[in-house]
Structures are given as structure tokens and as C-alpha cells.
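A.B. asks: Taken in sequence, the protein lines are chains A and B. Following our numbering, the numbering of the first sequence begins with 2 at its first residue and continues without gaps. Following our numbering, the numbering of the second sequence begins with -19 at its first residue and continues without gaps.
Hints were generated in silico from the structure; no laboratory data involved. Hints should not be assumed to be uniformly reliable.
Only pairs whose alpha carbons sit at most 25 Å apart, straight line, appear in this in silico DSS-like list of lysine-lysine [to be verified]:
1) B:K36 - A:K2
2) B:K79 - B:K36
3) B:K22 - B:K79
4) B:K36 - A:K58
5) B:K51 - B:K36
6) B:K79 - B:K48
7) B:K36 - B:K48
8) B:K79 - B:K51
9) A:K2 - B:K51
10) B:K22 - A:K14
Here the structure is a predicted model, which is why all the values come from computation and not from measurement.
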Amino acid sequence: KAGVTQTPRYLIKTRGQQVTLSCSPISGHRSVSWYQQTPGQGLQFLFEYFSETQRNKGNFPGRFSGRQFSNSRSEMNVSTLELGDSALYLCASSLGSGNSPLHFGNGTRLTVT
Amino acid sequence: GESVGLHLPTLSVQEGDNSIINCAYSNSASDYFIWYKQESGKGPQFIIDIRSNMDKRQGQRVTVLLNKTVKHLSLQIAATQPGDSAVYFCAERDFGNEKLTFGTGTRLTIIP
């Protein structure tokens, strides 16, 4: 079974631009979550989607948004990029039952200059 | 405020020895716990999980112990190998909720 796939692996953007990251979950997984990982803050929860609906949201500004498609694939968008948005963005998928583990992709490394 | 960088606890273990990685969790309502391993350039990899109605669970070369009284979790790795070198994270979750809260991580280095 293929794992969680994230594209692209690396991105370099300029302050003020926007970016879209993509995630394909493990086949059969209906929940997709996004996390931001930085050396300073560690792993921080962004949001979780299940059946195209956002079920949970972390403490990030409105510039961070996401969506999920009917095939469970998900995208997250960051608008008006700031230098502090430089991070590894991780996507995780699960069955969505609340009692099964999340499985992570290898992330998208975003650098904002 | 400005981030100064998380100080990762480190643990160095001789190859072949057992290692124990500890984690304190904060939310007494958490009832599902997971250990992840993260190697350089990769995402966190699931190792083992445990529900709060258990105090011990074993996998292949790994054992997780849960002490709810003191809100403490540990991961034991038997007969460590060079491939075990990585950062290890514990994560906690309220039952029925997909959101994970991660610990700061521990860097495990295996000495050949």
C-alpha cells in the first residue's frame, strides 16, 4: 500500500506570495491532517479534514487554509507569506475514527525569502 | 515571541544495548498515545500506540509503558541498532479526536 504522498518536496517563495501544498492520503483513509514543524515550535497542528469537512483547527492565522476533495486528497494554502512561515509542512492521514494512528508523509519544505 | 529553538534532549546508547526514552504528557483527558520516529529528511514514522486502558504494550523490539498517575510515557527499544538513530516523539490525543499534541522529541544516537 502506498504511503502518504506530499508534493512538492521543496518550495522557495518570496514574502507576500501565496503557496499551495498537496497531499494524497493512504488509500482508504478519510481523514487528513496538516502539521507545521519548525525548530522553534516543534510540531504544531494546523487543521484536520474528514469527508471534505474541516473537523478541527489549530491556532494559526486565517492566512492558513485547507480543503479536502471527494477522493480524500487535500491541499493547504498559505497566503501573504511571511518569513516565519518557513517550515516543514507535514500531512498525515488516518481512518478518522479517533482511535487509529496517523501516518505521515515526508513533508514539503517551504522556504520564504 | 521569537523562537530560540527547542532544546532536544539527547540520548546516546551503545549499539546492542537497550534504550529508554521518556515523555511527560500534559492533558489528563488524553487517552490515546503514539510514539513516532523521525529520521533526517523524512516525516514522523509510526512506531507503536497505546490506549489509556492499558499500561504496557509490546511490538517488535519496542515496548511502550504508560503511567497515568504521573502522566508519563516511555518507549523502550531493545538491542539498539544503528538504524534506530533518529528523533523520537511522543504524541497524545483525546479519544475520538484526530488532533495530536506532540512532545518536543528526544534525539537518540547509537554509538557503534
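A.B. asks: Decide if the proposed pair is consistent with the structure: B:K51 and B:K36, CA atoms, cutoff 25 Å inclusive.
C.D. replies: holds, 14 Å
A.B. asks: Run the distance test for B:K22 versus B:K79: straight-line Cα separation, threshold 25 Å.
C.D. replies: holds, 20 Å
A.B. asks: Given the hinted pair B:K36 and B:K48, is their Cα-Cα distance within 25 Å?
C.D. replies: holds, 11 Å
A.B. asks: For the pair we were handed, B:K79 and B:K51, check the Cα-Cα distance against 25 Å.
C.D. replies: holds, 19 Å
A.B. asks: Please verify whether B:K22 and A:K14 have alpha carbons no more than 25 Å apart.
C.D. replies: holds, 21 Å
A.B. asks: Do the alpha carbons of B:K79 and B:K36 lie within 25 Å of each other, as the hint requires?
C.D. replies: holds, 23 Å
A.B. asks: CA of A:K2 to CA of B:K51, is that 25 Å or under?
C.D. replies: violated, 35 Å
A.B. asks: Take a quick look at whether B:K36 and A:K58 sit within 25 Å of each other, Cα to Cα.
C.D. replies: Distance of about 31 Å is beyond 25 Å: violated.
A.B. asks: Measure nothing beyond the straight line between the CA atoms of B:K79 and B:K48; if it is 25 Å or shorter, mark the hint as holding.
C.D. replies: The hint holds at about 20 Å.
A.B. asks: Please verify whether B:K36 and A:K2 have alpha carbons no more than 25 Å apart.
C.D. replies: violated, 29 Å
The earlier numbered hints that this structure contradicts are 1, 4 and 9.
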